[in-house]
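Q: Take these sequences, add in the hints, and give me the full structure.
Okay, here's what each chain looks like letter by letter:
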Amino acid sequence: MAYFQRTSASTHHQRRSASSVSSGVSIGVAAIAILAAVSSIVVASFPVRPPTGVQMWTFARLHKQLYDPLIANWPAQSRPQITLMSMPALERRMLQGFLAESPTADLIEAERRVAARAFVGPLESVGFVDLTDRLKSEGLLDTINAPSFGPWSSRGRIFGLPHDVHPVMLGYRADIVEAAGIDVTTIETWDDFVRVFAPLMKDVNTDGTRKRYLLNLWADKDDLLELLLLQAGGGFFGEDDRVCIATPINARVISTIVSWCHGPGRIAADAPDFTASGNQLKSDGYVLAAFMPDWMCNIWKNEIPSLAGKVKLMPLHAWERGGRRTSVWGGTMLGISRASTNQDELWKIAKQLYISPELARSLYSTADIVTPIRTFWSDPVFDQPDPYFANQSKGRDYLNLAPDVPARTSSPYNTLAKLRVQTAALSLAAYAESSRRYRPEELEERAMVLLKEAESQVQTQINRNVFLKQTQPEPLNSEGLGS
Amino acid sequence: MRAPLVGMRSAPWILLSPFIGVFVVFFAYPIVQSAILSLQQTFGPAHTTFVGTANYQNAIADPLFRKAVRNTLLYTAGGVFIQLPLALLLAMLLNRPGLRGRGFLRAVFFAPVLVGVVFVGMIFGVMFEKRTGLINQSLHSIMGWDLDFPWLQNFVIPSLIIASLWQYVGINMVYFLSALQNVRQELLEAATIDGAGSWDRFLHIVVPQIRSVATFVILLSIVGSFQVFELPYVLLNGTAGPDNRGLTVVMYLYQMGFDQGDLGYASAIGWLLAVILIGFALIQRRLASDSSRRARA
Chain C
1184 MAYFQRTSAS THHQRRSASS VSSGVSIGVA AIAILAAVSS IVVASFPVRP
1234 PTGVQMWTFA RLHKQLYDPL IANWPAQSRP QITLMSMPAL ERRMLQGFLA
1284 ESPTADLIEA ERRVAARAFV GPLESVGFVD LTDRLKSEGL LDTINAPSFG
1334 PWSSRGRIFG LPHDVHPVML GYRADIVEAA GIDVTTIETW DDFVRVFAPL
1384 MKDVNTDGTR KRYLLNLWAD KDDLLELLLL QAGGGFFGED DRVCIATPIN
1434 ARVISTIVSW CHGPGRIAAD APDFTASGNQ LKSDGYVLAA FMPDWMCNIW
1484 KNEIPSLAGK VKLMPLHAWE RGGRRTSVWG GTMLGISRAS TNQDELWKIA
1534 KQLYISPELA RSLYSTADIV TPIRTFWSDP VFDQPDPYFA NQSKGRDYLN
1584 LAPDVPARTS SPYNTLAKLR VQTAALSLAA YAESSRRYRP EELEERAMVL
1634 LKEAESQVQT QINRNVFLKQ TQPEPLNSEG LGS
Chain V
24 MRAPLVGMRS APWILLSPFI GVFVVFFAYP IVQSAILSLQ QTFGPAHTTF
74 VGTANYQNAI ADPLFRKAVR NTLLYTAGGV FIQLPLALLL AMLLNRPGLR
124 GRGFLRAVFF APVLVGVVFV GMIFGVMFEK RTGLINQSLH SIMGWDLDFP
174 WLQNFVIPSL IIASLWQYVG INMVYFLSAL QNVRQELLEA ATIDGAGSWD
224 RFLHIVVPQI RSVATFVILL SIVGSFQVFE LPYVLLNGTA GPDNRGLTVV
274 MYLYQMGFDQ GDLGYASAIG WLLAVILIGF ALIQRRLASD SSRRARA
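Keeping their order, the protein sequence lines are chains C and V.
Just so we're aligned: 1253 in the working numbering is position 70 of the first sequence, and the numbers increase by one with no gaps anywhere.
Just so we're aligned: 176 in the working numbering is position 153 of the second sequence, and the numbers increase by one with no gaps anywhere.
Because the hints were derived from the structure by calculation, they are not lab data.
Errors might be hidden in some of the hints.
[Stated by the list, open to error] Stretch-level coverage of chain C by chain V, calculated; a stretch enters the list once three of its residues show a Cβ under 8 Å from a Cβ in chain V:
no.	segment
1	1302 to 1313
2	1456 to 1464
3	1603 to 1609
4	1634 to 1648
[What the hints assert, rightly or not] Covered by chain C, according to a simulated footprint, are these stretches of chain V (three or more residues, beta-carbon under 8 Å):
no.	segment
5	73 to 81
6	144 to 156
7	167 to 177
8	293 to 300
Backbone N, C-alpha and C fix where the C-beta goes; we use that ideal spot for every residue, glycine too.
A: Structure representation (structure tokens):
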């Protein structure tokens, strides 16, 4: 019976299929075909209009909000049309434009890591216009804070106009620190900081854990590792972008960081930036001090309003007496696409936008970012007291540190080097825990071994790049630039 | 009588041509192109250099690639040895005769499958936070667990396994449940009459009858685990985690191809991944045919 039913159903199905075929196509197929045809005609009837005028891409909503009113009154032919897109989208489209010659914007704002992607290949294939000669002939090399050119320079040539300086200070809980009678102006070195602030860690919870730590830092924070290494005079790359990871300075710094995060002398805890949980921990006073580049001030104002009036800024503490009191974190540039035909006009627009006192003022008053244009540093906007930072004139404090910001590399392998050094720091932390050795001088020897491994791994990756090998760097002058 | 429009010999080719066209454009050409690319170093289409098997040699010697393979193997092992037994256990519980609310429980266990991987990554990212995360907070209140327990710093692969367990145990449970519902009841009843205990019935009657489905689920789980990318990518905020503890093979491929722009190296990694998966498929096929031969004997 079941067999009969199946046979019957099958025959019925065959008959139905046969009738569909004999009458042409089924209704469903016809509907899909009609829809496809109609939609194709509709799409084809809209002509593709190539964008007219100067096109500019940015990844930061805040930047676009700052630029739009500034350019509103510019003549139409020189007014860039600014398109906001996410950083990954900008990175992809920029690289597609540079590598595959697909349409790209005339002016591109790129963050440090993204811009470095353009420097992987031969010098003549860098997608940005070489601005070195223009900057030199117009005297802008002296007008703009010198270290700000670092991330946009490759093999002695400059490919971008710097947007910022991003000096770093240490934000601290002034309400707690001042209540304890601590005068931060007496602190010069990191050793002083640990000694003077140590009494603030004495409070413990019922389970014996500490209620607060001195510093928001952990050995897995690669940005902070780089920041502290640069401050100490170390880093990942030396002159001519040669890998330079296994150095005594780097070994000493990562050993000290590990000793801050582990063992009986622990002073650091992890309150991650840009997270609700990290913000809550900062608000609770779980960490008393945090590394704050100028742009971070705006993040705190927006994300941790509860700390208004309770936070102040002080210079970073030096690694030795008389040492550097600041570092650098982040950075953006404006570059001109090499594929653009009207490069002279674009250069004028770029200067008009970036080297403008109005932008410098609004950049600080809206985003707390200090300008790299030295001639604008006397503007009174930077002396205004900031209520969030207990009426401190933080703009002036950041600018006082700006000339001392360490120079940085533009190597496309910087991200890789950062990850390798992070791995070394984490391995050193594991070594400290297993060997119960926590003092920096006990860790330095092991740190050097781990840094040598990291250096070798980065060098191996660089050696694989046949294109970099084809371009010899130009001999550099005292400004770090080629002839 | 009209002559046919097309000859009998060319008709199959005409009918097959849409498939062949799609296959050549979207499958055959990219595969061949990626094989060629894996032997090159590129900087955009304008700069291409033939490097022979250097990309493969570098990948095999690359400690990060090895780490990615090791992490992926650990994650896969977690999927096969923790997730699948748990899925089978749940399926057996739901297959018990007379169980009330079976449909409801099945829906509850299956529901996480409907949640997008990105959401799972975001939710577990918050739950695994130190100090403030739900997991550390709950364990702390129950058993005095360390609030600073670094799930996403030191225990990335276990965190990934836990998150994927929550998401995928339901779908595997459904596969097993359908297999269990096809187990012949008369054999189970006969074994019970013959005095076989529940373990013996499971081992000698249930397992042989669900073997084909189990084999399929294991292979699916291995292939899926080796391709894991979205979950760690979201859970670790687009990074591979501290010390690359969450780096998987596909994530490394993505980093090399799209973050570093080294498409040749990324293609070589892709081909090595394909070789690993083919190896697993062959082993699994061999084991499956051996066991079915033994069952027939």
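Q: For every hint, state whether the structure bears it out.
A: Evaluated hints:
1. 1302 to 1313: With 4 residues closer than 8 Å to chain V, the segment 1302 to 1313 of chain C meets the three-residue bar; holds.
2. 1456 to 1464: holds (count 5)
3. 1603 to 1609: Contact hint for the segment 1603 to 1609 of chain C vs chain V: holds, 3 residues under 8 Å.
4. 1634 to 1648: holds (count 4)
5. 73 to 81: holds (count 3)
6. 144 to 156: holds (count 6)
7. 167 to 177: holds (count 4)
8. 293 to 300: n = 0 at 8 Å, threshold three: violated.
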